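Protein chains: 2
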Amino acid sequence: MNERPIGVFDSGVGGLTVFKALEAALPDESMVYLGDTARVPYGTKSPETVARYAREAAHFLARQRVKLLVVACNSASSVGLEALTAEVDFPVVGVIRPGAKAAVELTDSGRIGVIGTRATIDSHAYTHAIRELRPDAEIVSQACPLFVPLAEEGWTHDDVTYRVAERYLTAFEGVEVDAVVLGCTHYPLLKDVIGQTLGSAVRLVDSAESVAAEVAAMLHGDSSLSAEGTPRTADHHFFVTDVPGPFQVVAERFLGRRIERLERASIEGE
Amino acid sequence: MNERPIGVFDSGVGGLTVFKALEAALPDESMVYLGDTARVPYGTKSPETVARYAREAAHFLARQRVKLLVVACNSASSVGLEALTAEVDFPVVGVIRPGAKAAVELTDSGRIGVIGTRATIDSHAYTHAIRELRPDAEIVSQACPLFVPLAEEGWTHDDVTYRVAERYLTAFEGVEVDAVVLGCTHYPLLKDVIGQTLGSAVRLVDSAESVAAEVAAMLHGDSSLSAEGTPRTADHHFFVTDVPGPFQVVAERFLGRRIERLERASIEGE
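So the protein sequences, as listed, match chains A and B.
Every letter in the first sequence is one number past the one before it in my numbering, and letter 105, counting from 1, is 105.
Every letter in the second sequence is one number past the one before it in my numbering, and letter 175, counting from 1, is 175.
Worth double-checking, as some hints may not be accurate.
[Said to hold, decoys possible] Under 8 Å between C-beta atoms, here's a sample of chain B residues computed to sit facing chain A:
| id | residue |
| --- | --- |
| 1 | MET1 |
| 2 | MET31 |
| 3 | SER46 |
| 4 | GLU48 |
| 5 | THR49 |
| 6 | PRO145 |
| 7 | PRO149 |
| 8 | ARG163 |
| 9 | LEU198 |
| 10 | ARG232 |
None of these hints come from the bench; they were simulated from the model.
Predicted model only: the values in this text are computed from it and were never measured.
All C-beta atoms in this analysis are idealised placements derived from N, C-alpha and C, irrespective of residue type, glycine included.
Here chain A stands alone, though its shape is the one from the complex (with noise of 0.2 Å):
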């Protein structure tokens, strides 16, 4: 038994969709989240920077003594878990991995779409953890940089919107996939958007419930859960590097309650 809390990282708001995951899937677990609001957004960014984001992320939960890492993340687990996982003392579980797996259980034809940003894509993260389950699987990559700027501003089921997803996803016409991963934390918000470009015949890939699977398994594997009781929520701790409160609004809208725990913190150079 480990009674230590779970961390949970993200580059904002957006691996808040992880969390709660996480929490109806382990509900004796306490966590702690960090999302870095100050330096928003990664999938612009360099693979060296927002390397050195995650490292800084990890130092700061490993202060907060957690007894896992999950990058909720797209774009910090795409360029590098490996460096990370050498420099801390508990396991880094990102969502890489565990939304290739569903991809490939989900996929008949063996012909999966990717979307992502821009760092994410560009990382070819997803192809190479997908071929490692399904060699012979056709993978067909687009970055759409405007799907996050367009959930941030609300627009989820917006004429603009339809005519971006249009846009973006003529990348899969004549290829005939038959799963599209979200390969971001903001995408299921536009997941009617998506879907409904994509047709009935696409299932759509929300990494968040398989990494609370492969989360479970590996703290079941390791006898590390919490011990079973009372549900841990108002544990939980929450940590921006931005102020506080835009993050309050968004996330207490999302988890449909009040959040008691939330500070700001100061990563850089940790």
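Following the hints, put chain B in place on chain A, whose structure we already have.
Leaving out everything else, chain B in the frame of chain A:
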């Protein structure tokens, strides 16, 4: 006479519009440009965080021995240059006052529109600056968060961008503004879309030239101009906080020449 360089600071590449205007107005001056590409954008961040980043940039440029600092970023200019000025021993010029001045000169009716990032609009900096020059001005402001990502995606003449512009710029319907301040260095890239949406009766205010004129007047007034002679283009020095590659591509395209001296800088905690 003062041969030290002029410092130009922006959150990313957008400040090159101001840099170019300065170069045209003051060909005898050498310049140091700093783009905080590792933390861009500023327009979505809190005033506290943006002010801290601006302070770090000013300290870095102080070490480059600049004689004057131009804050080319609207978001950074709008969160208090007074505090910044108090910390350094050279003059600091923002883009807000020159932009406001240009708007007041261009308007006939006194009805002025302002568009910018969320940070710039929420600061009301343009409203205050315009009212100081023309107390009876009627000012309508509108944040346009999608304009920066659309410009960065290169969709400067795209159907989608026209639709987004129509949506945002309905804010000016019925007000009959005759001048609109492009309160973000990226927006001149969308001049055609914005201009066509607003109609030809509305003048667009791009503060770059106005800033250059103010800097020229200040240096002249202080007897701080460099000696006249051959253009100093080759002496300009560029710094970015993320890897230089992507900046180089955009900057060379925008300036129409090769950039020789471009380096990565670390300014966190300056």
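Unmet hints by their number, sorted upward, for this structure: Hint check: 1, 2, 9 and 10 fail, others pass.
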